[in-house]
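Student: Now for the letters of each chain:
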Amino acid sequence: MKNRLKVLRAERDWSQQDLADRLGVSRQSVNAIETGKYDPSLPLAFTIAETFAMAIEEIFERG
Amino acid sequence: MTGASTPKPAGRSPFLYGGLMLGSIGAVVGLAASDAINGSTALILMIAPLWLAIPMVRAANRRADASNDACGSKGEVNRRYVKRVAFFTSLYLAALALQNFVFRDYNPSFELKAFLALLPGLAIVGVFWAIGRLIIEQSDEFMRMLTIRQSLWATGFALSAASVWGFLETADIVIHIDAYWWAVVWFFGLGVGAIINRIQYGTWGAV
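Taken in sequence, the protein lines are chains Y and D.
Position 50, counted from 1, in the first sequence is what the working numbering calls 50; the numbers after and before it change by one each time, with no gaps.
Position 141, counted from 1, in the second sequence is what the working numbering calls 1141; the numbers after and before it change by one each time, with no gaps.
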């Protein structure tokens, strides 16, 4: 699954750790999602979408 | 834009604590090998260096916080895990020392012998329980997945090794190995799982 996490994070000038703290996960998790190595669960995907105030499909798309 | 900022990590290096732990264990082994202390005393003395694992993990967490290198996991869940493992490992060593002392110097009854023989095994069960609790308590789904993958690799590794060895042993090709060694092989398998996690996901995991 592709995602725009890295771009969205950069637009807000957030580090991976900043985003991890907002999501309540480890920085390694953010890194794994961002690089496409790990697809988040639906609850975490919703939390990511809420954090960026966007819909899930605006952040994630089928790769 | 890539990752976290990289402030200088505060406090002592985890390698210092790791070195102290290995040095202390080496000193105890040296004393035992030179017959300066007996086996029971050596096992009891081994407990102290194991507790250096706690400041070592704290220092490693501080370093992980301050760098972009993907290694380990932090937080209260991990601290609890390390404390539990240190406790059960200490219990294991103390039970072995007690068993060694009683079996050598006394002629215990069947009941006492059975009780003392159960203790080290129960301590190892405690370590498995600690790993189970880590999986249950871990709120970070990615880190939990890494721990589960490690455990699956360890299980596959240990059961495969036990199956192959068992048949070779039956055919009198290899020597007999006591069953408790397969738990040791399982723990080694956790290390194999951590390496595979690092290759596939860029991080070692929490165990």
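The set of hints was computed from the structure by calculation and includes no laboratory data.
All residues carry an ideal CB built from backbone N, CA and C; glycine is no exception.
Do not rely on the hints blindly, as some may be mistaken.
Cβ-Cβ distance ranges computed for the label pairs, FRET-style [stated by the list, open to error]:
1. D:GLY1166 - Y:ALA10: 38 to 48 Å
2. D:LEU1152 - Y:ALA49: 50 to 60 Å
3. Y:GLU50 - D:VAL1125: 50 to 60 Å
4. Y:ILE56 - D:LEU1098: 35 to 45 Å
Here are some, though not all, of the chain Y residues that point toward chain D, as calculated from beta-carbon distances under 8 Å [stated by the list, open to error]:
5. LYS2
6. ASN3
7. ASN31
8. TYR38
9. SER41
10. LEU42
11. LEU44
12. THR47
13. THR51
14. GLY63
Student: For each hint, tell me whether it holds in the structure or not.
Tutor: How the hints compare with the structure:
{"no.": "1", "hint": "D:GLY1166 - Y:ALA10: 38 to 48 Å", "result": "violated, 55 Å"}
{"no.": "2", "hint": "D:LEU1152 - Y:ALA49: 50 to 60 Å", "result": "violated, 31 Å"}
{"no.": "3", "hint": "Y:GLU50 - D:VAL1125: 50 to 60 Å", "result": "violated, 42 Å"}
{"no.": "4", "hint": "Y:ILE56 - D:LEU1098: 35 to 45 Å", "result": "violated, 58 Å"}
{"no.": "5", "hint": "LYS2", "result": "violated, 18 Å"}
{"no.": "6", "hint": "ASN3", "result": "violated, 14 Å"}
{"no.": "7", "hint": "ASN31", "result": "holds, 6 Å"}
{"no.": "8", "hint": "TYR38", "result": "holds, 5 Å"}
{"no.": "9", "hint": "SER41", "result": "holds, 6 Å"}
{"no.": "10", "hint": "LEU42", "result": "violated, 11 Å"}
{"no.": "11", "hint": "LEU44", "result": "holds, 6 Å"}
{"no.": "12", "hint": "THR47", "result": "violated, 11 Å"}
{"no.": "13", "hint": "THR51", "result": "violated, 16 Å"}
{"no.": "14", "hint": "GLY63", "result": "violated, 17 Å"}
The structure fails hints 1, 2, 3, 4, 5, 6, 10, 12, 13, 14 (numbered hints given earlier, in ascending order).
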